[in-house]
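Chemist: For reference, the chains in residue letters:
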Amino acid sequence: MKTHRQSLIEVFARPLVLFVVGLTGLVGALLADGLWDGLGAALVGTAVVAIVWARIRASKA
Amino acid sequence: MKPDTIRAWSVVHTWSSLISTLFLLMLCLTGLPLVFSHELNHWLLDEPWQPARPGEVLSLDAVMTTALARHPGDVPAFLSFDEDRPVVNVTSRAPDAPAGQYNFQPIDRTSGEAAPLVAGHPLVEFLLQLHTDMFLGLPGMLFLGLMGLMLVAATVSGIVLYAPFMRRLPYGTLRLNRTARTRWLDWHNLAGATTAAWVLVVGLTGVVNTLATPILAVWKDTALADLARTYGAPAPVGQRASLDAAVERARAALPGRTLQFVAFPGTEYTTDHHYAVFFHGDTPLTRHLTTPALIDVRTGQLAAVAEPPWYVTTLGLSQPLHFGDYGGMGLKLVWATLDLITIVILGSGLYLWIARRRRGRA
Numbered sequence: 001m002k003t004h005r006q007s008l009i010e011v012f013a014r015p016l017v018l019f020v021v022g023l024t025g026l027v028g029a030l031l032a033d034g035l036w037d038g039l040g041a042a043l044v045g046t047a048v049v050a051i052v053w054a055r056i057r058a059s060k061a
Numbered sequence: 001m002k003p004d005t006i007r008a009w010s011v012v013h014t015w016s017s018l019i020s021t022l023f024l025l026m027l028c029l030t031g032l033p034l035v036f037s038h039e040l041n042h043w044l045l046d047e048p049w050q051p052a053r054p055g056e057v058l059s060l061d062a063v064m065t066t067a068l069a070r071h072p073g074d075v076p077a078f079l080s081f082d083e084d085r086p087v088v089n090v091t092s093r094a095p096d097a098p099a100g101q102y103n104f105q106p107i108d109r110t111s112g113e114a115a116p117l118v119a120g121h122p123l124v125e126f127l128l129q130l131h132t133d134m135f136l137g138l139p140g141m142l143f144l145g146l147m148g149l150m151l152v153a154a155t156v157s158g159i160v161l162y163a164p165f166m167r168r169l170p171y172g173t174l175r176l177n178r179t180a181r182t183r184w185l186d187w188h189n190l191a192g193a194t195t196a197a198w199v200l201v202v203g204l205t206g207v208v209n210t211l212a213t214p215i216l217a218v219w220k221d222t223a224l225a226d227l228a229r230t231y232g233a234p235a236p237v238g239q240r241a242s243l244d245a246a247v248e249r250a251r252a253a254l255p256g257r258t259l260q261f262v263a264f265p266g267t268e269y270t271t272d273h274h275y276a277v278f279f280h281g282d283t284p285l286t287r288h289l290t291t292p293a294l295i296d297v298r299t300g301q302l303a304a305v306a307e308p309p310w311y312v313t314t315l316g317l318s319q320p321l322h323f324g325d326y327g328g329m330g331l332k333l334v335w336a337t338l339d340l341i342t343i344v345i346l347g348s349g350l351y352l353w354i355a356r357r358r359r360g361r362a
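One line per chain: the protein sequences are S and D, in this order. Here the first sequence stands for residues 1 to 61, numbered as in full-length UniProt numbering. Here the second sequence stands for residues 1 to 362, numbered as in full-length UniProt numbering.
No wet-lab data here; the hints were simulated from the structure. Every value quoted in this text rests on a predicted model; they were computed, and no experiment measured them. Backbone N, C-alpha and C define an ideal beta-carbon position, used for all residues, glycine too.
Distance ranges between label pairs, derived from CB positions:
1. R55(S) <-> D84(D): 36 to 44 Å
2. V237(D) <-> L35(S): 42 to 50 Å
3. R357(D) <-> A32(S): 45 to 53 Å
4. L138(D) <-> R55(S): 38 to 46 Å
5. R5(S) <-> T213(D): 47 to 55 Å
6. P236(D) <-> G34(S): 44 to 52 Å
7. A180(D) <-> A32(S): 42 to 50 Å
8. L16(S) <-> I6(D): 19 to 27 Å
9. S242(D) <-> V20(S): 48 to 56 Å
Output of the computed footprint for chain S on chain D, the stretches with three or more beta carbons under 8 Å from beta carbons of chain S:
10. 168–175
11. 195–202
12. 316–324
13. 336–348
From just these sequences and the hints, can you work out the full model?
Modeler: What follows is the structure, encoded as structure tokens:
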């Protein structure tokens with residue numbers, strides 16, 4: 001599980017992507033209706049998917 | 001990062017969390033059902049109901065007369081409109097009633113008869129009150145706002161501390177077969193780093209919402225003070241211009257918007273001398289932004305359109321972003337799940353602090 005010493009960019013790459021995706025969903029669903037209602041929930045929900053993904057991967061390891 | 005810098009951020013993270021955790025847990029636990037307050041109210045209160053005379057529409061003046069006749073002596077305070085049924089909600093109060101004590105009547109606009117309540121079930125109201133101010137009024141509200149700022153400080157310091165903790169661990173690491181302390185540390189880091197955007201948005205908008213009372217007071221003082229200055233004694237209820245005419249006059253000043261509610265003279269949303277007729281927009285964004293037209297209660301003439309300043313707009317947009325009620329059931333379910341994950345972050349953080357203290361003592 002231990003890896004090499006990561007750079008700051010490596011450490012924050014995925015949390016930063018999740019932050020931007022989540023924020024896009026939060027604001028997008030507020031700015032537009034229709035398609036954006038579902039899309040907003042999906043984008044904000046990526047955080048939940050990421051945690052479930054980590055849990056599944058951990059039990060396989 | 002230097003060890004001293006890490007230690008300083010660690011102190012911020014520990015103390016901002018310790019001070020606020022108990023209150024944040026309460027907010028998460030009460031907030032969870034409140035995400036579904038619209039559904040809960042419908043489910044707890046709903047009874048089959050049809051308007052008595054479909055197609056007919058009573059004037060607002062007639063509705064007010066009917067409503068006030070049921071509470072003799074009351075003065076009108078607010079009038080609001082249900083979105084999905086022809087029902088007008090009349091809020092009135094006895095002139096000598098304690099502050100905040102109102103009579104609330106949903107009225108069938110086709111007949112003037114009482115309509116069943118579909119909002120404000122006592123259980124939902126209890127949770128909302130606990131969540132908003134813990135039954136302590138403005139001081140309770142501002143205190144919870146301070147706890148919200150603690151949450152923001154804990155989140156920001158948590159993000160900073162994520163770097164030194166995760167230098168040698170890839171994102172998503174969960175060491176499930178290690179000690180409880182390591183397991184919960186991994187869960188804490190994963191959940192915190194993953195949900196930061198939502199936690200910060202809900203935390204910051206929650207803080208803004210706790211400032212609603214001062215924000216509206218400042219707006220009233222700055223925007224409405226000039227309007228009220230030229231008047232003498234307030235006009236008594238019997239000598240007021242027609243409410244229907246006032247609403248029509250306001251609608252002409254703000255065309256293409258939806259009538260939301262009317263504040264009567266003497267209440268906190270207007271002066272002693274004006275009907276404030278509030279409209280909201282029809283686009284997803286402007287639906288949360290209300291603009292009042294002020295109508296002179298003696299003459300029925302338009303006195304002003306009070307376009308909200310930036311701080312009132314900020315408050316208006318902070319409400320949906322905090323409640324999560326702006327993107328359908330899908331978004332509400334995500335909101336509830338992220339609320340539960342936040343409880344895990346708070347619980348694991350508390351556990352890690354206790355575990356570290358125990359280890360330090362041993």
